[in-house]
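Residue numbers (this note's numbering), protein chains in the order written: chain P, 1375 to 1801; chain U, 1375 to 1801; chain S, 1375 to 1801; chain H, 1375 to 1801.
Just so you know, these hints were derived from the structure itself, not from any lab. All of these numbers come straight from a predicted model, not from anything done at the bench. Any given hint could turn out to be false.
Any copy will do: because identical chains look the same in the list, a pair fits if it lies in one copy or spans two.
Unchecked claim - Once the Cα atoms are required to be at most 16 Å apart in a straight line, the calculated EDC-like pairs of lysine to aspartate or glutamate come out as: (1) K1379 - E1777; (2) K1524 - E1510; (3) K1403 - D1757; (4) K1514 - D1742; (5) K1566 - E1735; (6) K1546 - D1585.
4 protein chains.
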Amino acid sequence: MRIDKNQINTINNRALPDHRESFEYLSNKLTTKGLDPDQLIQKIQDFQIAIPSWALGTGGTRFGRFPGGGEPRSLEEKIDDVGLIHALNAGSGAISLHIPWDIPGDIEAVKAHAASHNLLFDAVNSNTFQDQPDQELSYKFGSLCHTDAKVRQQAVDHNLEVIKYGDQLGSKALTVWLADGSSFPGQMNFRKALQNTLDSLKAIYQGLPSDWKMFVEYKPYEPNFYHTVIQDWGTSHLLASQLGDRAFTLVDLGHHLPNTNIEQIVATLMMQGKLGGFHFNDSKFGDDDLTAGAMKPYQLFLIFNELVEGMEDKNSKNPPPAWMIDASHNLKDPMEDLLQSVEAIQMAYAQALCVDRVALENAREANDAVLAQEILQNAFRTDLRPLIAEARLQANAALSPVEVYRDLAVRKQLVKERGAKSLATGL
Amino acid sequence: MRIDKNQINTINNRALPDHRESFEYLSNKLTTKGLDPDQLIQKIQDFQIAIPSWALGTGGTRFGRFPGGGEPRSLEEKIDDVGLIHALNAGSGAISLHIPWDIPGDIEAVKAHAASHNLLFDAVNSNTFQDQPDQELSYKFGSLCHTDAKVRQQAVDHNLEVIKYGDQLGSKALTVWLADGSSFPGQMNFRKALQNTLDSLKAIYQGLPSDWKMFVEYKPYEPNFYHTVIQDWGTSHLLASQLGDRAFTLVDLGHHLPNTNIEQIVATLMMQGKLGGFHFNDSKFGDDDLTAGAMKPYQLFLIFNELVEGMEDKNSKNPPPAWMIDASHNLKDPMEDLLQSVEAIQMAYAQALCVDRVALENAREANDAVLAQEILQNAFRTDLRPLIAEARLQANAALSPVEVYRDLAVRKQLVKERGAKSLATGL
Amino acid sequence: MRIDKNQINTINNRALPDHRESFEYLSNKLTTKGLDPDQLIQKIQDFQIAIPSWALGTGGTRFGRFPGGGEPRSLEEKIDDVGLIHALNAGSGAISLHIPWDIPGDIEAVKAHAASHNLLFDAVNSNTFQDQPDQELSYKFGSLCHTDAKVRQQAVDHNLEVIKYGDQLGSKALTVWLADGSSFPGQMNFRKALQNTLDSLKAIYQGLPSDWKMFVEYKPYEPNFYHTVIQDWGTSHLLASQLGDRAFTLVDLGHHLPNTNIEQIVATLMMQGKLGGFHFNDSKFGDDDLTAGAMKPYQLFLIFNELVEGMEDKNSKNPPPAWMIDASHNLKDPMEDLLQSVEAIQMAYAQALCVDRVALENAREANDAVLAQEILQNAFRTDLRPLIAEARLQANAALSPVEVYRDLAVRKQLVKERGAKSLATGL
Amino acid sequence: MRIDKNQINTINNRALPDHRESFEYLSNKLTTKGLDPDQLIQKIQDFQIAIPSWALGTGGTRFGRFPGGGEPRSLEEKIDDVGLIHALNAGSGAISLHIPWDIPGDIEAVKAHAASHNLLFDAVNSNTFQDQPDQELSYKFGSLCHTDAKVRQQAVDHNLEVIKYGDQLGSKALTVWLADGSSFPGQMNFRKALQNTLDSLKAIYQGLPSDWKMFVEYKPYEPNFYHTVIQDWGTSHLLASQLGDRAFTLVDLGHHLPNTNIEQIVATLMMQGKLGGFHFNDSKFGDDDLTAGAMKPYQLFLIFNELVEGMEDKNSKNPPPAWMIDASHNLKDPMEDLLQSVEAIQMAYAQALCVDRVALENAREANDAVLAQEILQNAFRTDLRPLIAEARLQANAALSPVEVYRDLAVRKQLVKERGAKSLATGL
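Chain P with its partners taken away, still in its complex shape (with noise of 0.2 Å):
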C-alpha cells in the first residue's frame, strides 16, 4: 500500500488550527533569542535517518519472539514500508540493506521501486555473525578474527560481495559490524584474533570503490560474553587509523559499558575527523536496542549538541556522518517504533541546534558551570515539537506521524495484504 498525500492532509487539517498557534509561539519564542526558524527547518528537513531493512519486522530476544502481522516479505514490500514511514515524516529518505537477507534480484526494478518512493540507498550491512543454510564454513567461532585462514577467506568475500550489491544500488559505504570475539577466557588469542581481523579489513578496504568508505562498528559484548575483537571506539579507531583516510568508526548507542560517556566518544572522533556514522537506538542495561529517545533522551540530546558543535565547526576535518536507525521491535509495531525513533532523534538534533553555542562558550571560558547548565537546559526544556511538525507541514508529511498511520489503519491494511502470519527476514 501507499499512503496518498491527500490522506495525510486531510488527517494534518483537523489539527492545523491548534498547530499554527503553537507554531506562531514558538517561532516567536525562537526569533526573540535569536534563532532563524525557517533555517532551522531546513536544517530538520535536510536530516535523514536511513532506515535499515531488518527494523520492519518484529524482532525478538533468545527467549522467543512474538511476531506480529503484515510484516514485509521481500525486498520490494520492505522499501514499500520505508516508503510509508517517510511518507509519513518526510525524515527517513534512505533504506540501509542488509546481506544476505536482502540480495536485491533485478537491480534496475529494486532501484526504480525505491526511486518511487524518494528514496536512496544508504550504507550496505554484511552479514558473518551467522550461518546461512549453504554457507561452506562456519562462523561459529569468528569470521575475520578467525584462526582457520579459509574462513578468513569467506568472510571476506562475503563482504566484497556485499560491496558489489550496494555500489550497483547507488550506496557509498559498507558498514562492518563483527560478532568475532570469545565467551571464556583463554579461549581466544587477544593479539593474533586482533592482526587476523585487521589483515581481513584491509582486504576489504582494497576492494572499496573510491568514492566509499568503510565503517567499522565496535561493541563490548553480545553475542560474545568474555570479549569482542573490537570492544570499543579506541579498537575501532586503531583499525580505522591503519586502514586509511576512507575508513571511519561507527558509534551504535547501545554498545557501551554501563555508564559511559558516550556524547565525548563522539566528540574525540570528530575532533580525528574519524566518526563515520551513527547508529541510533536506546537502552537501560545493554544493547537493548529500544526506541531511540525512549530511556535517556537528556542523554541523546548531549550527543546532538556534540555532532552539532562538530558540524558546524568550519575547521573540522570530519565528513558529514551517516544516520541510521538500529533497534529490534519486540513489543511494538516496528513502523511506529521508527516513526517515534525518528521524531526524538529531530527533536534532540533541533534542540542542539537551539543551544546558544556564544553564551556556552563563554560560560566554559568562565567555568560557570551554574550557567553552562543552564543554557544546555534552556533549549532541551523548550517544547520543540511544533517545530518539528512544521517541517513535516511543509514538506507534505504528516502533523502527527503516529496518529496518522493509526487513522489510516496501516497495519490492518498491511495485515490484508501479506497476511498474519508474515516473517520478515533480520533478528
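For this one, chain P is given, so just place chains U, S and H on it according to the hints.
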C-alpha cells in the same frame, strides 16, 4: 549410549599412581589442619547438582545459533545424557524438567528409565515466557502479571499442570521464572503488575502438594529491557513471605545488576529461612549463562562460604537448598560444559568446607581484615582437585570426567546414534 | 544577610511582561487538556523540599577540596542560607539538621531564628560514620553493626541524643544512614552484622517519640567497598518491617547499582506503605551527589510519575513522604546548586502532575506501549517553566531564582560578611 | 627501625621443615610438567614492584579517615617503611615518589638512604589535582586542560620540576595522572580540553630527559563525575601516539567502567608497543583501591597471562613495563596490606608463568574452548605458594611476610618511634 564402569576404570587406572600421590599429600595437609578428608569426601559425594533438561542441547543468542550434533531428541535421550554425566562425575544425580518441552508420555517408563541411571527428578520448571504453537492467548505482554485475567488464568493453569507432571515423577518443588515486565517507561503499571503476580502465585500455591516447595526466581532485565516484575531478591522475598512457609526465593547467579554482592544476598536469605534454591552459571556482563566458575571462581567460593556457614548453622531455619545448573552452551559441547561446571561447583564447595571457621570468626570479632582475608584465601588457594577426584573415584566415577568423555568419544557416538542435525528443545 | 522582597520584585518586574505572555499561553494549553493551572500552582507551592544543613558548604572528594568563600560558620548562618534560598524560590521551607555538626545551643533562639525565615525543622540526621574528636570508641569498623556491644551502645546513645535535639526543635523524624560494612571478603560476618544492626535500631526505635518516624537509608557501597550492611531497599524494607509501623525506607537517588530501575522500587515501597522519604540528587557513576536533574531529568520525571500516582491513590496506606536534597557541591556555588536542584525537582513534579492518568491506564490495559510512551513524553516535553515561575511569583519569590541571586551578588555579600576562608562543617 | 636478617631467619626456621616438604612436592609436580622451578624462582625474584610513597599512611574516603599510628612523617621514614617491606618480601625494591608530598631535601643523603635499603627510585608522580597552600592558581577547574593558559603553564612547570627531582634521584619515568574533567553536562568543551591537554603534555614531553619515559594514565570518573579528559585507554593511546616514542599508556586496574575486559586492553597496548606501566590494586565497584588480588584473583591472573605472553614474545616492540602498587589502605595496616598485595601479584605472575603456552595455542587454533579453559585453570588452581615462599627464602626474606611482621611487632615499634598520631602525607 551408556558408559560402562569398566571403561571408566580402565582410563582411571592410567592416572591412578599420580592421583594416589597427590591425594596422599593433600590428605596429610588437610589432616594437619584438623580437617577429616573422609568427611569432606562424604560431603562432596552427598552434594548432588541437578542438570536441567534444556542444558543438553546447544544454546544460542538472539543473533543466531551454531548447533552441534548428537543432541537429545526426546525426554528419554535427555535422561540418557544426564545419566552419562552422572556416570562420569557421580555428582549430577538429578534432572530438572521443563514443561512443555519435556512432557512425559508414559510416566512409569520415564521413572524407570531415570532410576536405571540413578537419577531423581528435581524441581520442575514452568514456561510462560514463550508462546506454544497451540496456545490460546499470548504471553507477549506478560503472564502471571498480565492485565487480562484470562491470560493470567491460562498461566496459572499451566503451572498447575506442571505440578501435576512433577508430582507423578516424584519432584518436590516448582520453580517459577517469569519474563514478565515491560520494555518502555509507562508501558506497565508497576503496582498492578506486582499485585496481579502475587494473586496468580497465590492461586498456584493453593495447588501445591503439601510436601512441595515453590521457588520464586528474580532477574533485573532480559527479555524485558525496562522493568521486570520480580526484579530483585527483595521483590521475590516480599512475594515468598506473603505466599507462605513453602515459598522461597531462588538465586540464579546471572540475575543481578553489575557489581552486586550476591554472597550477602545469600546470607540474608538464609538468615530469613527463605533461600529455596540455586541456579549456577557464570557471567561477565549480564545473564551470560557461561560455565560455572569460568569467570569469577573466587566469587563462587565466597558464595559457598556463606552457603556452608548457613548450612552448618544448627540454629538455621533454612531448609537445605536445591542445587541446579542453569547455563546455555553456545560454543562448548553441552556435556563437557556441564562436567566443567559441576567440577567448579564442587571445588568451591570443598574450598568453603576447608575454611577454618573458628579462626575466621575470631578474626572477625577482632576486626582483623588482614587475617580474615588470609584465612579465606588459604582455603581458596589450596589445590583441592585431588580431593574431588578421590570423591569421584570412590563413587566409581572418572578421575578426570572431561578426559574420559573425550577418550570414549561420547559425542561422536551420540552423533552416530542421533544424527548430526538433531536439535534439542529449549533455548 | 536577608533578601528584601522589594529587591526581588524589582528584578521580577523586568521579566514580567515576557513571563505573563508565556504563562498565559501555557495556561491555555493546560486548560485545553483538562488541567487546572491554579490547582497545579497550589500543589507546587505546597511541595516543600528540605535543605540539609551540610549542603551549604563546598563539598569535596577524597582527592581534595576547593572551598569557595562566605560559607556559613554556625547553625544560625546555615539557617540564614536556607532562608535566602527559600526567599528566592518559596520551595525550600525546611532545614534538615545533622548532629553533631549542628548541635543547637539556645533551642528557643534557634527556633525563633528559623521561624523568622518561615522555616521548619525536617528530619534530623545522626552521624556514626565518622569519629568525633572527643569520641570514646571508634566507628572505623562499624557502629550499629559493630562486633563490640560497647560501640553499638555508643552509637545507639548518639541516635537517642539526636532525637532529643530534634524533638526540642520540632522535627518529627530521624534519618539513619549507616556507613557500616566491610571492604574485604571475609572481614565481616554478614549475618551477625545485620542482626546487630536490627537490634541496635530496635533500641533506637524504642526511644522514638510516638509521633515520630524513623527512616532507614540503604546504599550499595562507599565508604565500604565490598559490603554494606543495608545494601539495598530489600534489606532496608526487611529492617523497617521488623521495627514497626513508624519505621520506613528512605530512598537516596544516588544509592543504587548501575542501571537500577529506581522508579519501580519507589512504586513497590509505596504499595507496601513503607516509603518514608527521599534524598534528591543526580549521578552518572555512583553516589556522585550532583545537582538534581542535571544528568537524567527523564528518570527524575519517571520517579515523580510513580510518586504522584502513589500520592493520589486514595487507597494508599503510605504516609506523605519527606522530601530532602542530599547533594555535594564541589564545583558550583552551593546555593546556586540548590536553587537549580529545587527547580528541577519542581519541574519533574509538575510534569508528573500533567500526565493524563486516565489515558495512561487505558493504554496500559490495552498493552499499547506506543501510546503509553506518547502520553508520558507529552507531559515531559511540555515546557512547564512558566508554571513553576508563576508559582514562585504568586508566593512573592523570584521568577528566576539563580538570576536574582546573581543580580543581588549574594555570594559576594556573604564573603564580605563571613570571610573568604570560612568553612562550613560537613562533607 | 630495621629488620635484622637474623630475626627473619629465626622465624623462618620454625616453618622450614613444613615448607621444605611442600616445596619439594610442588617442585616435582612442576618438573613433571616440564617447568624449571629454578628458572621460575629467578623470574619471581627479578619481578620487583614499586611501592608508592603515599601508600604507607592510612587512606580515607570523602566520609572520613580513621588513621592508625606510627605512620611515616618524612620522606626518610617512607623509605624506611619500604625498606621494611622489601626486607620481608624481597619483592619491593623500589619506591615511587609523589611531588610535592615527597620533595627531597638533601638529594645525596636521600639516595644513600634508599641505597642502604637496596631500593631504587621508580617513576615519579606529579600532582595537579589538588591545590597546595602556597599555590598561585587553582586546579579546581583542571590543570593541563584548563581554559586559562596560565594555569596550564603552572601545571606544566610543576611537571618539569617533578622531572628535575626524579632525575636527581635516578628515576627514569614520569607518571601523569590527571583529575581534569567536568562534573556537569555542558561545563567543559570536550575538544578544547583534550587539545589543551595534548599541548600541555607536549610541553612536558619536551622537557623529558632522553632516557626517560612518560606514562599517561586514564580513568573514567572520580573526582569528576561527568567527564574525565583522559577517560579510557583509547584516549591515552591517542595522546601517547601523538606525543612520541617515549610516551606510553599506564593501566591502573581500578580505572575502568564496570565489566571492562582489562586483559584485552593490556594485550592490545602491548601489541602496539605502548604499555608503559601498571598500577595494581583491586576493586568491586569503582576505584576502590583495595589490596591487589583481594576481590578478583582470577582476573589478576588473566591479566598476567597477557603480560607474560607479551613479555615472552620475542617480536614484541613493547619495552618492559613498570610495576607499581597504587592502593589506599583505609582499614588495614598499610604495610600488611602492601605485603598481601605483593604476594597476590607474585602469585598471579607465577601462575601465568606456569601456563602451558604451547598447549594453549594449540587449543586456540582448534577453537577448543573447553581445553583452553582447562589449561588456564590448571595453572590457576595449582597451589604455588611454596614457590613464592622459596623465592623469598633464597633471597633471605621471610617465608611468611605478614606473620613475621606481626611476630616482630613492627607496627608497635613504629608507634613507639613515631607516635600514635603521626600522619603521613598523601590521600
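Structure-based check of all given hints:
| no. | hint | result |
| --- | --- | --- |
| 1 | K1379 - E1777 | within (15 Å within a copy, 48 Å between copies) |
| 2 | K1524 - E1510 | within (10 Å within a copy, 48 Å between copies) |
| 3 | K1403 - D1757 | both (11 Å within a copy, 12 Å between copies) |
| 4 | K1514 - D1742 | between (53 Å within a copy, 12 Å between copies) |
| 5 | K1566 - E1735 | between (45 Å within a copy, 10 Å between copies) |
| 6 | K1546 - D1585 | within (7 Å within a copy, 48 Å between copies) |
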